[in-house]
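**Student:** Each chain is listed here by its residues.
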Amino acid sequence: MKAAAILAITLAATATLAAAAPGVEPLPQHLSATGLFAPGSTRPAADVMAFAPQYPLWSDGTRKRRWIRLPPGASIDASRVDAWEFPVGTKVWKEFSYGRAIETRLIERVTDGSWRFATYVWNVDGTDAVLAPEDGVVVAASDAPGGRYSVPSRSDCVACHEGPAVPVLGFTALQLSPDRDPLAPHAEPKRTGQVDLASLVERGALRGLPPELLAAPPRIEAPTPTARAALGYLHGNCGHCHNAAGALTGLELVLAQQAERDAHSAERTLESLLGHSSRFRPHGSEATQRIAADQGSSVLTLRMKTDNPLARMPPLGVQVVDTAGVALIERWIANDLQPALSTLQETSR
Amino acid sequence: MKRIPFEYAILGIAVAATIAVVQPARAQGASDTADKVKRGQYLVSTSGCHDCHTPWKMGPKGPEPDMARALSGHPEGMALPPAPKLEAPWIMVAAATNTAWAGPWGVSFTANLTPDPETGLGKWTQRNFTETIRTGRHMGRGRQILPPMPIPVYRNFTDADLEAIFSYLQTLPAIRNRVPEPLPPAAAVAVR
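One line per chain: the protein sequences are Y and E, in this order.
Position 70, counted from 1, in the first sequence is what this note's numbering calls 70; the numbers after and before it change by one each time, with no gaps.
Position 156, counted from 1, in the second sequence is what this note's numbering calls 156; the numbers after and before it change by one each time, with no gaps.
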């Protein structure tokens with residue numbers, strides 16, 4: 001209790017609010033004042049919708065829960081299938097737990113149309129969470145690697161969330177498709193009460209979605225179940241930075257998938273991986289290709305499984321190698337991509 | 001004398017007016033770009049960029065920047081033995097080129113800032129450059145930029161300053177030089 005009180009006081013004292021746009025209320029100091037909970041409880045409020053993306057981001061094995069709340073009567077415009085327009089006042093929360101809740105992050109669309117990012121650190125009693133400093137903070141968490149858990153800074157939030165066109169990453173047509181991928185690593189089965197494309201349309205929370213996406217829900221077009229899961233994994237873990245329209249287009253590495261069928265995003269991903277040399281050259285390896293025919297010579301997987309924090313991908317929010325994710329990608333390369341890689345190898349001789 | 005139809009006369013006046021407006025605007029645009037590049041050159045030469053991003057060589061008066069390799073970063077082919085172990089309070093050490101630095105963070109190598117597309121900033125955008133300086137992360141999203149890069153100082157540049165610097169860097173002769181990736185402290189490396 002004493003530690004919790006000290007933590008709460010310290011965080012409250014050092015919290016720096018993100019600069020609020022004119023007419024925008026400052027961020028609440030406590031999570032309980034953000035609208036997530038029913039009054040006087042830590043249960044989600046009645047107007048908050050729970051969801052779970054089919055291709056979740058690996059975050060060192062933390063357990064995550066997610067919710068979204070739209071302003072009363074408002075809805076999301078889904079007419080641009082892969083760039084949904086969220087109404088002003090939208091709030092999205094994500095809770096990270098290591099045995100107990102550690103932090104809950106908040107993304108909010110404010111009145112000038114911009115998005116703001118914040119995170120709240122839970123007290124050990126689990127009664128409420130306090131706004132974290134803008135520069136982030138390290139908190140004790142016995143189940144976290146080394147017993148320490150890094151709460152991200154605001155610029156770390158922006159680094160990932162402002163990579164693609166829309167900063168809400170896990171609430172998209174592909175991620176909420178009812179046609180969920182059974183091989184997606186770390187995916188939780190959809191629970192009762194969690195929304196998906198169909199239920200969002202039914203509630204009137206999603207408008208403008210092309211009807212064909214309800215009749216045949218979005219699904220990554222891939223020749224095998226392994227390829228589908230691998231492309232989905234790369235989408236969920238890498239696509240927010242490595243996509244065709246964001247800040248890193250100069251790298252010409254497209255790992256994001258699109259629900260829009262005409263986008264042919266799976267083909268674009270393969271084109272950007274096969275036969276491309278890597279700008280990054282790992283120490284202690286002769287690897288030069290993003291994906292290579294020789295087992296263990298793909299820069300893509302070398303960067304996924306290194307313990308070197310200066311080389312690791314993703315560069316943020318990961319300290320523990322995702323062995324299931326690495327195994328999936330290596331299986332995909334070894335089985336599905338081998339014919340194409342062998343052809344490339346022959347051609348280059 | 002044949003009379004020019006009224007519509008043609010109006011069209012002629014409109015074309016002449018457009019040229020009169022567009023030409024000076026173009027000239028002004030070129031002048032603005034030249035001014036921006038010049039300002040960028042000034043900022044680069046007064047903010048210490050050459051100190052670390054241009055390899056040093058031994059000249060007749062002692063170590064000096066090798067301007068034939070200006071701003072091309074740590075030389076690709078330079079073999080480096082392990083950094084010497086230092087005794088407190090000594091905490092960091094630099095190679096003779098001033099382009100490789102060892103300290104508690106590991107070993108850092110200064111970046112190639114020339115516009116070579118494969119090894120320099122040729123494929124970078126203004127946004128990539130500005131976000132790198134603002135966030136202290138590679139391209140604004142990747143690994144942390146390591147010491148001795150003075151990010152805490154440079155992040156105070158205005159957007160206009162950073163645009164000027166990037167504009168100038170893009171005018172440099174492209175030098176192909178693949179700078180090694182940084183090395184972490186020895187204890188932190190373990191590739192599975």
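Everything labelled a hint here was simulated from the structure, so no lab data went into it.
Some hints could be false.
[Unchecked claim] Computed beta-carbon distance windows for the label pairs:
1. E:R178 / Y:G208: 27 to 35 Å
2. Y:A140 / E:T158: 56 to 64 Å
3. Y:G284 / E:R155: 29 to 37 Å
4. E:P173 / Y:E212: 33 to 41 Å
[Said to hold, decoys possible] To be clear about the criterion: a stretch of chain Y counts as covered by chain E if any three or more of its residues have a C-beta under 8 Å from a C-beta of chain E, and this derived list gives those stretches:
5. 240–248
6. 281–293
7. 303–310
A virtual CB, placed ideally from N, CA and C, is assigned to each residue, including glycine.
**Student:** Check the structure against each numbered hint from earlier and tell me which ones fail, lowest number first.
**Tutor:** Numbers 1, 2 and 4, in rising order.
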